[in-house]
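Asks: If you read the protein sequences in the order shown, they are chains Z and H.
Quick note on our numbering: the first sequence kicks off at 1 and runs consecutively.
Quick note on our numbering: the second sequence kicks off at 201 and runs consecutively.
Please keep in mind that the hints were generated in silico from the structure rather than gathered at the bench.
Possibly wrong hints are sitting among the right ones.
Unchecked claim - Calculated pairs, DSSO-like style, for lysine-lysine (alpha carbon to alpha carbon, straight line, at most 30 Å):
hint: 1; chain 1: Z; residue 1: K60; chain 2: Z; residue 2: K5
hint: 2; chain 1: H; residue 1: K372; chain 2: Z; residue 2: K196
hint: 3; chain 1: Z; residue 1: K2; chain 2: Z; residue 2: K60
hint: 4; chain 1: H; residue 1: K331; chain 2: H; residue 2: K209
hint: 5; chain 1: Z; residue 1: K98; chain 2: H; residue 2: K331
hint: 6; chain 1: Z; residue 1: K3; chain 2: Z; residue 2: K196
hint: 7; chain 1: Z; residue 1: K98; chain 2: Z; residue 2: K5
hint: 8; chain 1: H; residue 1: K209; chain 2: Z; residue 2: K98
hint: 9; chain 1: Z; residue 1: K196; chain 2: H; residue 2: K374
hint: 10; chain 1: Z; residue 1: K2; chain 2: Z; residue 2: K196
hint: 11; chain 1: H; residue 1: K305; chain 2: H; residue 2: K374
hint: 12; chain 1: Z; residue 1: K5; chain 2: Z; residue 2: K196
hint: 13; chain 1: Z; residue 1: K98; chain 2: H; residue 2: K305
Every value quoted in this text rests on a predicted model; they were computed, and no experiment measured them.
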Amino acid sequence: MKKLKIIWDAIIPNNPVLIISIGLCSTIAVSNSVQSALLMTFAFALVQIPSNVIVSSIRKITPNEIRVPIFVTVIAAFTTIAALISEAYFNAIYQIIKLYILLVVVNCIIIGRAEAYAYHNGIFDSFLDGVGNTIGYGLVLLAIAIVREFIGKGSLAGIQLMPDSYQPMLLMVLPPAGFIMIGILTGAIETYLRNKEGKR
Amino acid sequence: MSYVENLLKIFVSSTIINNIILIQFLGLCSYIGLTDSLTNSIGMSFAVIFVTVSSSILAWMIDNWILIPTGLQPALQITAFILVIGSFVGLVEIYIKKASPNLYKAMGIYLPLIATNCLILGATFINSMNKYDFVESIVSGFGIAFGYAIAMLLLAGIRERLRNSDVPSFFKGKAIAFMISGILSLAFLGFSGMIK
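Chain Z extracted, bound-state conformation (with noise of 0.2 Å):
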């Protein structure tokens, strides 16, 4: 039960992307479709969950001094490889979002993670705060892009829904659209936050 409290805090009263906020560019930018959003969070897997194992079990040989740049080496090798695998099995895809996938390394979630969970905790519990993370991560970019795609296309991932006399509102999958739908989610947590501070 403990070990599920783990997953659970990450998904959602510490949620990287509505709650702190970090990891901002790239779920803004992949989330037009659901097909992309569900390839980023696919290569984020890849990078998070091993990257913590990692971080997490030469935790005790790493010399707090130089800890940033062997996680940055460490998060680097599995964006490589996450980078490898999805241009071999998912192309298409990979061709359109290319630069947010490199562009892993530097996502501040999983360096926010190694630094603040990782390099303090077990193996396992790593592992577990992975999953956690990714799961949250994942979620509110599948949220955010079944509204897009769907307003914007009338279509989820790449299925047509709507009947042809459906006009698309074509706005919703270009880029201002993502930073409204942020606005309108952020506005809603942050109101959210203050009217619970309020009752207290």
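Fit chain H to the known structure of chain Z by using the hints.
Replies: Relative to the frame of chain Z, chain H by itself:
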């Protein structure tokens, strides 16, 4: 098309049409975090312009003189770029601290922030993906950083005005910055298609 025309095209395209923040969404952390005050965003913009141009040069050299001839580009590009840029920013920081304490005071606090800024690394990847030559890489790096400066100053100016205006309580804080960026992004979207 002459060479200079081509350079101009790359500059306009990377500054306005593919504005790094408003259209490509890179470097959002500092964009939202530092635009509270106009002074901060000017300082950050200068630091970014300087570091982006120098890392474009550095990354081009690594890419074309070491990684491509040895055939290691697909496997080692990410690692090489991030380590080189990270240590380069560290070196610059030490050098400026020693050589010009005044400049360090003005720029110093932003340099560590830049090391992990996805914009710098993104610019080098964009150069490498488009297979730009040496001069083109410099122009594109400068254009990207200049576009960043434009977006920073726009948002910082608007946010200074917002301080005295009545924002709906739902959008108070960061949310209004995102909504404004959305509208700015819409304006920049109007430039798309300017270059075929």
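Asks: Confirm or reject each hint.
Replies: Results of checking the hints against the structure:
Only pairs whose Cα atoms come within 30 Å are accepted, and K60 of chain Z paired with K5 of chain Z is accepted, the gap being roughly 25 Å. For the given pair, K372 of chain H sits about 16 Å from K196 of chain Z by alpha-carbon distance, which is consistent with the 30 Å threshold. Restraint check: the Cα-Cα separation between K2 of chain Z and K60 of chain Z comes to about 24 Å, which is no more than 30 Å; the hinted pair holds. Simply put, K331 of chain H and K209 of chain H have alpha-carbon atoms about 15 Å apart, close enough for the 30 Å limit, and the pair holds.
For the hint linking K98 of chain Z to K331 of chain H, the alpha-carbon distance of about 15 Å falls within 30 Å, and the restraint holds. Straight-line distance between C-alpha atoms of K3 of chain Z and K196 of chain Z comes to about 27 Å, which keeps the hinted pair within the 30 Å bound. With a C-alpha separation of about 34 Å, the suggested pairing of K98 of chain Z with K5 of chain Z is violated against the 30 Å cut-off. For a cut-off of 30 Å, the pair hint linking K209 of chain H to K98 of chain Z stands: about 23 Å separates their Cα positions.
A hinted pair counts as satisfied when its Cα atoms are at most 30 Å apart, and K196 of chain Z with K374 of chain H qualifies at roughly 18 Å. Our distance criterion of 30 Å between C-alpha atoms is met by K2 of chain Z and K196 of chain Z, whose separation comes to about 26 Å. This hinted pair checks out: K305 of chain H and K374 of chain H have alpha carbons roughly 28 Å apart, not beyond 30 Å. With a CA separation close to 22 Å, the supplied pair K5 of chain Z and K196 of chain Z stays within the 30 Å bound.
With a CA separation close to 37 Å, the supplied pair K98 of chain Z and K305 of chain H exceeds the 30 Å bound.
In summary, the structure is inconsistent with hints 7, 13 from the numbered list given earlier, while agreeing with the others.
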